[in-house]
Amino acid sequence: MTKVLIADDLSPAAVDIFKNRGIETDIKVGLSKDELIEIIPQYDGLAVRSACKPDADVIAAATNLKVIGRAGIGVDNIDIKAATAKGVVVMNTPFGNAVTTAEHAIAMMFAAARQIPAADAGTQGGKWPKKAFVGTELSYKTLGLIGCGNIGARVAERAKGLTMKVIAYDPFLTEERAVDLGVEKVDLETLLTRADVITLHTPLTDQTRNILSKETLEKTKKGLILVNCARGGLVDEAAVRELLDSGHIQAAAFDVFVEEPAKENVLFGAPNFVATPHLGAATVEAQENVALQVAEQMSDYLLSGAVTNALNMPSVTADEAPRLKPFIDLAEKLGQFAGQISDHGFEEVVIEYEGDLAEMNRKPITAAALAGLLRASRGDVNMVSAPAILADSGVKFSETVTEDSPVYDSLIRIKVRVPKTANSDETGWRSMAGTVSAGRPRVVEVKEMPLEGDFSPVMLYVNNLDKPGFIGALGVMLGEAGVNIATFHLGRQDVGGEAIALIGIDGEPAAEVTEKIDSLSHVRYAKVIHF
243 MTKVLIADDL SPAAVDIFKN RGIETDIKVG LSKDELIEII PQYDGLAVRS
293 ACKPDADVIA AATNLKVIGR AGIGVDNIDI KAATAKGVVV MNTPFGNAVT
343 TAEHAIAMMF AAARQIPAAD AGTQGGKWPK KAFVGTELSY KTLGLIGCGN
393 IGARVAERAK GLTMKVIAYD PFLTEERAVD LGVEKVDLET LLTRADVITL
443 HTPLTDQTRN ILSKETLEKT KKGLILVNCA RGGLVDEAAV RELLDSGHIQ
493 AAAFDVFVEE PAKENVLFGA PNFVATPHLG AATVEAQENV ALQVAEQMSD
543 YLLSGAVTNA LNMPSVTADE APRLKPFIDL AEKLGQFAGQ ISDHGFEEVV
593 IEYEGDLAEM NRKPITAAAL AGLLRASRGD VNMVSAPAIL ADSGVKFSET
643 VTEDSPVYDS LIRIKVRVPK TANSDETGWR SMAGTVSAGR PRVVEVKEMP
693 LEGDFSPVML YVNNLDKPGF IGALGVMLGE AGVNIATFHL GRQDVGGEAI
743 ALIGIDGEPA AEVTEKIDSL SHVRYAKVIH F
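Residue numbers (this note's numbering): 243 to 773.
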């Protein structure tokens, strides 16, 4: 039975989703790393928020794990690289708490501008410190957004309602999207010099870490209000403290810190500093939304293969999954075929799609093809890790799509360019193509030679010259070696020219059998292929 471990607090309604869909669920919150490593091999799925940290050691121990679901947006508590290498899909819920986080950023902006926490403490302390707190209006001020994605766009919408002018720095923000949002797209230097208020809404990556460093913060306007409800580590906290003390930064409000829980921090006690304990997503509505979403997403993937909001895997809807499955199977087999006959590696890979596939979601099909292709030489490669491995290898990769297919409704062709060796063909390319017929994958072309047949678990591939009597002699040789032939598929270019025999056999032949076939005068190449 499929099992999921819930390692952080999730709504009971989320637990019910797993159970109602037939998934066994254990709730174990507050596990130490060693405790998690000990029990993780039991589970197919792991649901977390921000407290549980499935790092490389945990993932290495997760021998059955298929998916990690993060109820929320940030995934810096998850080692995505290790998960990808292991073939574990990492999902988040980027939309469930967007409104809540945007509202918290606006609330923090007001709290900093009007010094509300300090004024509240003084008032309730019996001081009535009215003259000590002269605030700043936000209307007609310029708000600078660093990051204008899902949450940043909602902050922009609310800021415009406050009659603020909004400028945004985001390399992924298109001019068209900026116009739709009513914001001005600018570079970071411009944002620093123009913004009266800066608020951050970007993930923590190598590119964004310390995006507001001491150097960049010193370029900002005197009197800046700074808000960070995104991720600790985006801002140099020591530099912010220094600029708060000097008065260059008028006020700052942080919901996130480099070290959490933040029991101590250089910013604590600074003048005009407001802090909350990572409450950006902490509303009843958001907690419920992200929990329900992650439970649905993980259940869909574990039960049907549907992929939603994955960080390291192409998305596949529940409706697409059944239709894509046979083509994913076909692509993987074609990739396995190409990888196993490319003994000396390959320098370039081309995948060609024809016919109905032009209208399909091809990303998971491509991932399956690359996984099959790389498995022969790299071992434990999967749909999740294959695209990243190929990219890191430096092998050139491209896809082509043709809406029409001359013969078949849909066709996938994989071409690999192999290094020039004695066994390489003249062009240095090897290709094979296949289609899906009656829901089953079939090979229909090898090295541009048409042939049709099913994939068998074990097949003998022979590339030979078309000479009379060769096929008969090959059959006799296999029979004498005790190799039973299940299927026999032939293709050739021209009479007397290059030919292909693809033979399904029952079981693995002895090594001397293939060596004997490979030594025949008419044979250019022979190899046993496994699918």
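Hint data in this document are derived by calculation from the structure and do not stem from the laboratory.
A portion of the hints provided could be inaccurate.
Said to hold, decoys possible - Pairs of lysine to any residue residues, derived as SDA-like cross-links and limited to a Cα-Cα distance of at most 25 Å, are as follows:
hint	residue 1	residue 2
1	Lys328	Asp542
2	Lys270	Gly316
3	Lys769	Val649
4	Lys407	Lys328
5	Lys407	Leu380
6	Lys373	Leu466
7	Lys638	Ala600
8	Lys567	Ala517
9	Lys758	Gly681
10	Lys407	Val376
11	Lys383	Leu415
Consistency of the hints with the structure:
Proposed proximity of Lys328 and Asp542 is supported: the alpha carbons are some 20 Å apart, at most 25 Å. For the hint linking Lys270 to Gly316, the alpha-carbon distance of about 21 Å falls within 25 Å, and the restraint holds. Between Lys769 and Val649 the alpha-carbon distance is near 29 Å, which puts this suggested pair outside the 25 Å criterion. Distance restraint check for Lys407 and Lys328: the Cα-Cα separation of roughly 46 Å exceeds the 25 Å cut-off, and the hinted pair is therefore not satisfied.
For a cut-off of 25 Å, the pair hint linking Lys407 to Leu380 stands: about 10 Å separates their Cα positions. This hinted pair checks out: Lys373 and Leu466 have alpha carbons roughly 21 Å apart, not beyond 25 Å. Taking the CA atoms of Lys638 and Ala600, the gap is about 22 Å. The hint holds against a cut of 25 Å. With a C-alpha separation of about 49 Å, the suggested pair Lys567 and Ala517 falls outside the 25 Å cut-off, and the hint is violated.
Note on Lys758 and Gly681: the hinted pairing is violated, with a Cα-Cα distance of about 37 Å set against a maximum of 25 Å. At most 25 Å may separate the alpha-carbon atoms for a hinted pair to count; Lys407 and Val376 meet this at roughly 23 Å. Between Lys383 and Leu415 the alpha-carbon distance is near 22 Å, which keeps this suggested pair within the 25 Å criterion.
Violated hints for the displayed structure, listed by number in ascending order: 3, 4, 8, 9.
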